[in-house]
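**Q** Here is what each chain is made of, one letter per residue.
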Amino acid sequence: MEKRAVFRSSWLPLALVMPQLIITFVFFVWPASQALYQSLLLEDPFGLKSQFIWFDNFTALFRNRDYLESFHRTAIFSGLVAGLAMGIALLMAVMADRVIKGATGYKTMLIWPYAVAPAVAGALWVFMFNPRIGIVAYVLHSFGYDWNHQIRGNDAFALITIAAVWKQISYNFVFFLAGLQAIPRSLIEAAAIDGAGPTKRFWTIVFPLLSPTTFFLLVVNIVYAFFDTFGIVHATTSGGPAKATEILVYKVFNDGFIGLDLGSSAAQSVILMAIVIVLTVVQFRYIERRVAY
Amino acid sequence: MVERRPFATFLAHVVLILGIVVVAFPIWVTFVASTHHAKDIMTAPIPLWPGTQFFENYRKLLFEGMINPTAGGVPMWRMMTNSFIMAMIIALGKIFVSFIAAFAIVYFRFPFRMAVFWIIFMTLMLPVEVRIVPTFKVVADLGLLNSYAGLTIPLIASATATFLFRQFFLTVPDELAEAARIDGAGPVKFMKDILLPLSRTNLAALFVIMFTFGWNQYLWPLLMTTDRQYLTVVMGIQRMINVADTDPQWPLVMAAVILAMLPPVAVVLLMQRWFIKGLVDTEK
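Protein chains in written order, with the working numbering: chain D, 242 to 534; chain Y, 5 to 288.
Derived from the structure by calculation, the hints contain no laboratory data.
Don't take each hint at face value.
Stated by the list, open to error - DSS-like cross-link-like pairs, simulated, lysine-lysine; straight-line CA separation at most 25 Å:
(1) Y:K64 with Y:K196
(2) D:K244 with Y:K193
(3) Y:K196 with D:K244
(4) D:K342 with Y:K281
(5) Y:K196 with D:K348
(6) Y:K43 with Y:K64
Claimed, not checked - Distance ranges between label pairs, derived from CB positions:
(7) D:L428 with Y:H17: 23 to 29 Å
(8) Y:F14 with D:Q391: 41 to 47 Å
(9) Y:R117 with D:A483: 50 to 56 Å
(10) D:F456 with Y:F125: 19 to 25 Å
(11) Y:T175 with D:L428: 26 to 32 Å
(12) D:W271 with Y:M92: 24 to 30 Å
(13) Y:R113 with D:F525: 20 to 26 Å
(14) D:W295 with Y:F88: 44 to 50 Å
(15) D:G481 with Y:F58: 53 to 59 Å
(16) D:L283 with Y:M118: 27 to 33 Å
(17) D:F448 with Y:T230: 48 to 54 Å
(18) D:A301 with Y:L146: 17 to 23 Å
(19) Y:F88 with D:A483: 36 to 42 Å
Only a predicted model underlies this, so the values are computations on that prediction, with no experimental measurement involved.
Backbone N, C-alpha and C fix where the C-beta goes; we use that ideal spot for every residue, glycine too.
Please work from the sequences and hints to get the whole structure.
**A** Now the structure itself:
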């Protein structure tokens, strides 16, 4: 879409886009290209000398068991987070779409975790699951399960998953509810007249019509699980115990800033960038062909 | 729903209430813990009903801070001020920079217009997390470490806000711009007196989203600031929990958690209508 009515000036439009462009170049494009360049270098931690080694950093990464395990872990983590956060949110949205009385109240009560920082969400749940005093850990103890995320890797993994899911439900809920409310009532009424019950109507009409929203949310949730959960991991488990919660983003940070392995950290950055680019492209291709039905 | 099914409606209420309880329960526990003596929070089971230390705990946290080696007794009000300044600069900066850029892209024809658009679009693909080390280096070279400028300026470019404004400007009738031009208004006057008031809803929606985004920043302040003077709330909490060897002072940590959530949650709830509209619009 283009505007017919345009203003004429040779310098004004450039002056107007300049602030955005300068920030983009200085803080996005340049560092990203540096990451690309560094990923091909072998550098000592003090930055004194460097050597061009082509793709050795990448091949080293894919031979590194720690990295492959972290990759695997991140995949499971994002699958779990996306699946659970979307499933619960969809259930809530369908229910909120059904009730008439108090719908706004329910909505208000469900959306606010969106505003909670990931690190803060982590702090909340770390307290709930604290092995000695946490209320959930206490309940688990009384059922005979000795919860301890400071020692047991699986417990720690469950902890960050729960915190990440808890925070993301509200976001998905908003979108699912908006998607549900956009479905024409007449379709559902027609199906009801034809004798389809609520369950059948959901799976044959509502769910397919919701698929664009679902797909969009899937991409957003995977991106969220990959990147935004850094705060949760860093504030609660710091990747431990024994790397059980070291997801890819945390590893980039850890290898780059703590381990000072710049080449490897840059190569990991480049891989993450590739993942984001693929996800973004997928998402935009889908937006172009959004109407699936 | 279509047909009357009292039981299904009842079930819907039950599920929703259960969901809300699950979502809100951690906050309740947190709030309760923040109103007790530290010694009451030492052994399980911890109390589930508020105690008497509400004022004492919050006063101590806000004005004295927490004395431990990592949090270093920075009073909470100081951290909250930092977070507030950061969130406001980021939110207003993003809105301003994106508004004028979108205006230029929609209302002017200039060389490389589409290239500019795509470069801005690219930033969407480069979250801070994937370019940690080089971005840190750029900011360090510019001498912006430990400053509000370093905390905020690199985050001010925004592809989503630019997109939202562009989409919105495209729906504004051409006649308005033509009429303004005939009446002798220049582009800046048109932008200020016509486009800006028309964009109120979008501005409000973006403000909610961007304020929350700014307030909740974590990795960036973590890298940018070593000086305690610039400690933000979210980072402060991380430092309060991860204390070596001793137990964190839970009531104070939990009070900090409550205070850290309060501003963004309040903004989201108060501006709920615009927020939901904005969220759904920016992403599509």
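**Q** With reference to the structure, classify each hint as holding or not holding.
**A** Going through the hints against the structure:
| no. | hint | result |
| --- | --- | --- |
| 1 | Y:K64 with Y:K196 | 46 Å, violated |
| 2 | D:K244 with Y:K193 | 18 Å, holds |
| 3 | Y:K196 with D:K244 | 19 Å, holds |
| 4 | D:K342 with Y:K281 | 22 Å, holds |
| 5 | Y:K196 with D:K348 | 35 Å, violated |
| 6 | Y:K43 with Y:K64 | 16 Å, holds |
| 7 | D:L428 with Y:H17: 23 to 29 Å | 25 Å, holds |
| 8 | Y:F14 with D:Q391: 41 to 47 Å | 43 Å, holds |
| 9 | Y:R117 with D:A483: 50 to 56 Å | 53 Å, holds |
| 10 | D:F456 with Y:F125: 19 to 25 Å | 20 Å, holds |
| 11 | Y:T175 with D:L428: 26 to 32 Å | 27 Å, holds |
| 12 | D:W271 with Y:M92: 24 to 30 Å | 27 Å, holds |
| 13 | Y:R113 with D:F525: 20 to 26 Å | 25 Å, holds |
| 14 | D:W295 with Y:F88: 44 to 50 Å | 48 Å, holds |
| 15 | D:G481 with Y:F58: 53 to 59 Å | 34 Å, violated |
| 16 | D:L283 with Y:M118: 27 to 33 Å | 39 Å, violated |
| 17 | D:F448 with Y:T230: 48 to 54 Å | 51 Å, holds |
| 18 | D:A301 with Y:L146: 17 to 23 Å | 32 Å, violated |
| 19 | Y:F88 with D:A483: 36 to 42 Å | 39 Å, holds |
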